[in-house]
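Here is how the chains run, residue by residue.
There are 2 protein chains.
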Amino acid sequence: MSTERRRRRRRRRRDDTLVTTRSLPQIAFGALRNRFAPIAALDEEQLELIHEASLELLEEQGIEVLGSEPLRLFREAGCTVEDGIVRLDRELIMQLISTAPARFELHARNPERSIEVGGDLIHFGLVSGPPNVHDRMRGRRPGNYADYETLIKLGQSFNAISFFGNQAIAPTDLPANTRHLDTTFANLTLSDKVFLATGIGAARAADAVSLCAIARGLPVDALADSPSVLTNINVNSPRKLDDAMAYGLMQMAKLGQATVVTPFTLMGAMTPATLAGALVQQNAEALLGIALTQLVRPGAPVVYGGFTSNVDMRSGAPAFGTPENSLANIAGGQLARRYNLPYRTSACNASNCVDAQAVYETQMALWGAVMGHGNLIYHAAGWLEGGLVASFEKVVVDVEMLQHLHAALQPIVVNREEIGLDAMREVGPGGHFFGAAHTMSRYKTAFYEPMLSDWQNHENWQLAGAEDATQRATAIWQRMVNEFEAPPLDVARREAMQDYVARRKAVLGTAEPELEVFV
Amino acid sequence: MSTERRRRRRRRRRDDTLVTTRSLPQIAFGALRNRFAPIAALDEEQLELIHEASLELLEEQGIEVLGSEPLRLFREAGCTVEDGIVRLDRELIMQLISTAPARFELHARNPERSIEVGGDLIHFGLVSGPPNVHDRMRGRRPGNYADYETLIKLGQSFNAISFFGNQAIAPTDLPANTRHLDTTFANLTLSDKVFLATGIGAARAADAVSLCAIARGLPVDALADSPSVLTNINVNSPRKLDDAMAYGLMQMAKLGQATVVTPFTLMGAMTPATLAGALVQQNAEALLGIALTQLVRPGAPVVYGGFTSNVDMRSGAPAFGTPENSLANIAGGQLARRYNLPYRTSACNASNCVDAQAVYETQMALWGAVMGHGNLIYHAAGWLEGGLVASFEKVVVDVEMLQHLHAALQPIVVNREEIGLDAMREVGPGGHFFGAAHTMSRYKTAFYEPMLSDWQNHENWQLAGAEDATQRATAIWQRMVNEFEAPPLDVARREAMQDYVARRKAVLGTAEPELEVFV
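The listed protein sequences derive, respectively, from chains A and B. So in our numbering, spot 32 of the first sequence is number 32, and the numbers just go up one at a time. In our numbering, each residue carries its 1-based index in the second sequence increased by 519.
Worth flagging that the hints you see were computed from the coordinates, not collected in a lab. The structure displayed is predicted, hence computed values, not measured ones. Be a bit skeptical, because a hint or two may be false.
[Claimed, not checked] Chain A is faced by these chain B residues, among others (derived, beta-carbon under 10 Å):
| id | residue |
| --- | --- |
| 1 | Gly581 |
| 2 | Pro757 |
| 3 | Met789 |
| 4 | Gln990 |
| 5 | Glu1002 |
[Stated by the list, open to error] Simulated DEER-style distance windows between Cβ atoms:
| id | chain 1 | residue 1 | chain 2 | residue 2 | range |
| --- | --- | --- | --- | --- | --- |
| 6 | A | Ala466 | B | Gly949 | 49 to 59 Å |
| 7 | B | Ala550 | A | Gly299 | 45 to 55 Å |
| 8 | B | Pro661 | A | Gly316 | 42 to 52 Å |
[Unchecked claim] Residues of chain A clear of chain B, computed beta-carbon distances all greater than 12 Å:
| id | residue |
| --- | --- |
| 9 | Leu24 |
| 10 | Glu45 |
| 11 | Ala102 |
| 12 | Arg216 |
| 13 | Met401 |
| 14 | Arg416 |
| 15 | His438 |
| 16 | Phe484 |
| 17 | Glu485 |
| 18 | Tyr500 |
C-beta: ideal position from N, C-alpha, C; glycine also.
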């Protein structure tokens, strides 16, 4: 740290009030191992029925794929291609996906932030995708680049978050054709964590990989054996893989980068109104996308994605955190493990504000995701309104919930020392353990210390302003933003990234980035 | 239904607005089977270490028991009794608890409301115990009998609730020495569900059993083979069983009624500040109480209770819904199953209002309770402020969460019909399923329909008043209270209960009910 920065830091510390000098209780950044056995929503027979029906769907009905290149690859692999519909038999699909790795590492520009994807490991990601943003100070509004930066700062500051989805919000004040360059630049300068590239077409994906290579000080080629970037490819359910998605996927695989294939299967709208039907369709669509990654580059890292929830059958509105969504999160894990693939799922909700509903829906989805052994849990902090809003307060509330789960997943230590029979003898019947040596030596770290929860008694809580958790969350995100310091980054690399962004903007002008030109 | 009542009902229906005529979406009352395998917080070796250490605690340090009768029973069974401390060796404790049944039925006065306790069955109970009550209309205040009646009406109306804890709130406007008679009368007239007796001393317990016998039209003796009432006996941790609790327990067992033995083990205060220590102490204390029920009446129905949570080590305030509480709920189930006993656990929180914290804490505890295979989940609706407040709005929010879990625990149907490959063919790539025959034949019941969640879009939600879930909950409990009709009850039995209450009040006057006089 430079002398100047150290001085600034000290100055800030002196100005702090008593409240803000105490650091916020956070878990440490690092791999979280799921020590509970995964639970089963489907029995073995049901799982095989879903598997079999999805292969039948691929064989008989197939999936529409747009784009000459992906269709060529499928045709050459032995699939039937007719009127843009790709059909392939069960042996072929199983053979194609068999080269996908069960786990892989994603290399952040800061090696300490790299994450391993697969096995029993869980990673929570920040909200991504909403066009709008909300906080209690400024209300609901279309997202802009300043808000985007704020969300990246929050995601960087909270240790519970280990990756960023694609665009925490859409920065609607920036031109749509080049904003992926700005958001990637923000990801790589305000954060040193792993993030998702915009995978709409080949060029956007390639831009993210190029910028990542610069940030890591490596040539793009070198990243093929050391993947840095992930993208999410949505299948346009039912049974349609658009060209923008197909080319984005192919570009990522070509560069050895990681892809998540996530069918957008909202039951009742994009799939039959049954879990069985939705899971069959999700599975067929996911397997086809996964196969495409392996056609481009056998062994390319790829993740089985599930996003099955239901719609409100009265209005058609998407619902999240429903019982069906929770079960789908669990069942999706069973399917991913069936194919020995890492699993992506989500923790969403459909509430209009950061209230009890937002939390119980998120918890339903989150527990399903964790008990179903999701490896990448998307939208785990900040998602609101079915994905139409990223909420700063919700980020804080969600991080608190993620920290709770993190603590609950730590192993319990059981030995004579921890049990403390001697302490029980010392205290005796009817006594208390506050002053016991056994307690005194442990009390500081004995229990999880929450960041947001308020355990004051009613009188003190009233005197302190009677704020609910959502109101209290405002001060926490504000403080995180105020105290934010960007992680170190070599000046030359930063400048090289700025040059890359400027060059690409000059090339693109007002044109859309190239769909199919591969790097 | 009488003609007059039918007429009143019709009249009310005509007066209803459009909104209120649509009945609230509720799950059906009935047994809920936990179809997920229980998860393990402790590995097998750790479980045995806890078991062994708790037996060592009973052998070497023992537990203080107040009351000559319980001490006599323990002495006669072969325990060492010294200065009121009961010590017993591992063979004896295992032998004593071996007569307790693994499952039993609790007979409500309405046979359709009877519940089976044990195995994979889950029952959710209403909040019990708080001295205060809160609702958004009238704020926070000491509980009174009218509030008590309202809570019983709510618990009766919501199908997710299958039993009442002991005193939903303390009706502080009634004399403490006789209020158990009034609350039991309310339980038996406003509800036909199972409830807990006040187990403070023998006479209060006996009063509840006597009133239940009248309500069922049976002599008290007959209830011994057909238990109707449950009570909760707290061990005064660390290691002290008070005489009021001991005599209450003995009276219940003597009459063949069911007891839950729940050590009050708040880590850091009443136990060492470790999960290992708390579980050892909980286990020793629970086993001693369970043994006492079997000394009184071998085969008496009894439940292993766990209430292990932690305190805030900075203030000493009890905390609930913490990661440690969630893990204790899971581990408690492992211990109960170790002894082949039904398991009682809880879903509590320590928030000061019905906010995000109240919900995430409740969900942490609730998921731990369900994944740990709790059979009786106490305080599952309405608990607030660490148990100092029963909240009407929280009842509604919690019931919504219980209904979510209920739906998530229903089996998934997987067959060709449900999968709907034909529907997928009909819809085709990029289409939608809204109008498909497969959807049309299912849409009404395809998905869980929430009672409280609002899935309107932002604009409509704003137009409707932008109420959060807690605000919306007010209208729901008010409607439940307004529409309440007491379940049918034979007039003669009702009068006999009134007579019993009046007689007992006359006998007691201002005196405390008898501690040790057994029926």
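Cross-check of the supplied hints:
1. Gly581: holds (8 Å)
2. Pro757: OK, holds: Pro757(B) within 10 Å of chain A, min 6 Å.
3. Met789: holds (7 Å)
4. Gln990: holds (8 Å)
5. Glu1002: violated (23 Å)
6. Ala466(A) / Gly949(B): 49 to 59 Å: holds (51 Å)
7. Ala550(B) / Gly299(A): 45 to 55 Å: holds (50 Å)
8. Pro661(B) / Gly316(A): 42 to 52 Å: holds (48 Å)
9. Leu24: Given that every Cβ of chain B is farther than 12 Å from that of Leu24(A), nearest at about 15 Å, it holds.
10. Glu45: Its Cβ does come within 12 Å of chain B, the nearest being 8 Å, so this is violated.
11. Ala102: Holds: least Cβ distance 23 Å, greater than 12 Å.
12. Arg216: About 36 Å separates Arg216(A) from the closest Cβ of chain B, which puts it past 12 Å; holds.
13. Met401: Nearest chain B Cβ is 5 Å from Met401(A), so the label is violated.
14. Arg416: Non-interface label on Arg416(A) violated, nearest chain B Cβ at 8 Å vs cutoff 12 Å.
15. His438: violated (5 Å)
16. Phe484: holds (24 Å)
17. Glu485: holds (28 Å)
18. Tyr500: Holds: least Cβ distance 36 Å, greater than 12 Å.
Going through the hint list in order, the structure does not satisfy hints 5, 10, 13, 14 and 15.
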